[in-house]
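Trainee: Single-letter residue listing:
There are 2 protein chains.
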Amino acid sequence: MKEPSTASSTAPEQAGLDILTQLTWNADGLIPAVAQQHDTGEVLMMAWMNRESLLETLRSQRVCYWSRSRRQLWRKGETSGQIQKLVELRIDCDGDTLLLQVDQTGPACHTGRRSCFYRALREDGLEEISAPLIDPARLYPQ
Amino acid sequence: MKEPSTASSTAPEQAGLDILTQLTWNADGLIPAVAQQHDTGEVLMMAWMNRESLLETLRSQRVCYWSRSRRQLWRKGETSGQIQKLVELRIDCDGDTLLLQVDQTGPACHTGRRSCFYRALREDGLEEISAPLIDPARLYPQ
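First to last, the sequence lines map onto chains Z and P. So that you can map any letter, position 111 of the first sequence is 164 in my numbering, and since no number is skipped, the others follow by simple counting. So that you can map any letter, position 86 of the second sequence is 139 in my numbering, and since no number is skipped, the others follow by simple counting.
Just so you know, not all the hints are guaranteed correct.
Which copy is meant is left open, so a pair is good if it fits within one copy or across any two.
To be verified - Mimicking SDA-like on lysine to any residue, the simulated pairs with C-alpha atoms at most 20 Å apart in a straight line are:
id: 1; residue 1: K138; residue 2: T77
id: 2; residue 1: K138; residue 2: D92
id: 3; residue 1: K138; residue 2: Q75
id: 4; residue 1: K138; residue 2: S122
id: 5; residue 1: K138; residue 2: T158
id: 6; residue 1: K138; residue 2: A173
id: 7; residue 1: K138; residue 2: E176
The set of hints was computed from the structure by calculation and includes no laboratory data. Small disclaimer: the values here were computed from a predicted structure and weren't measured.
For reference, chain Z alone in the conformation it holds in the complex (with noise of 0.2 Å):
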């Protein structure tokens, strides 16, 4: 990974350089990132940040995350143009996890929903509470 250097920094980055210290980073290097819409409170998904994408995220002002299963940055919308803004970054008390206030364009879940949190627990099992926005054909064209 390549940090950017000090002196050529802008303010933002810096403070992401400084935070990237304060920050408790898994055995993997990750740490996780809850991403809630900012205005209307709504909890969108959890995903993993390493360092890189945490700079990068701060860099762009879109949220960038860490895809475990590719192994590589997983620049939130690339493909579906359903992007995060960064509005806010908040950490907690014991700075091992992430909240990210964004600003999410359409459906942050590849299901097609505005949430990736649809399924909720009901006495007779699991019950979809949300309905895809977007047919997820339609976000991941072939």
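Please build the complex by placing chain P on the supplied structure of chain Z, with the hints as guidance.
Mentor: Below, chain P alone, put in the same frame as chain Z:
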């Protein structure tokens, strides 16, 4: 872990046993759980559950996590009195994260703040965006 027998389970417990098989647990047998105040939308905290703590949560309808540091069940509020009543349990699209809709008594954070996410990144570093509701010395008397 002693699981309740199917024959004597209530409906929520049976649904809980069923859900165990639909979740993706990490290598340590844990799953991250995000707690959100059900009516205001505040994201309060993120912690971890194992199978036993999830079943205990469903049985008691009060949130019980797994403490990774103490390696034991962590019945939220057992010491401080600041309990989390479970309102609804949601799971995400790939079944590897829980979203708990809760009714939190007082502060969720051990610092006495309502939410653990009380620091936001600004251009010049982290800023505290909320103050303690209660002196933490009163939450955890010696």
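Trainee: Does each hint fit the structure? Answer for all of them.
Mentor: Tested hints:
1. For the homomeric pair K138 and T77, neither the shortest alpha-carbon distance inside one copy (24 Å) nor that between copies (29 Å) is at most 20 Å.
2. Within a single copy, K138 and D92 get their C-alpha atoms as close as 13 Å, which meets the 20 Å cut-off; across copies the closest is 25 Å, which misses it.
3. For the homomeric pair K138 and Q75, neither the shortest alpha-carbon distance inside one copy (23 Å) nor that between copies (32 Å) is at most 20 Å.
4. Taking CA atoms no more than 20 Å apart as the test, K138 paired with S122 passes in neither setting, with 23 Å inside one copy and 34 Å between copies.
5. Taking the shortest alpha-carbon separations for K138 and T158, only the intra-copy value of 8 Å comes in at or below 20 Å, while the best inter-copy value is 32 Å.
6. Taking the closest pair of Cα atoms, K138 and A173 come within 20 Å of each other only across two copies (16 Å); inside a single copy the shortest separation is 27 Å, beyond that limit.
7. For the identical chains of this complex, K138 and E176 are inter-copy neighbours only, at 17 Å across copies versus 37 Å inside a copy, given an alpha-carbon limit of 20 Å.
When held up to the earlier numbered hints, the structure conflicts with 1, 3 and 4 and fits the remainder.
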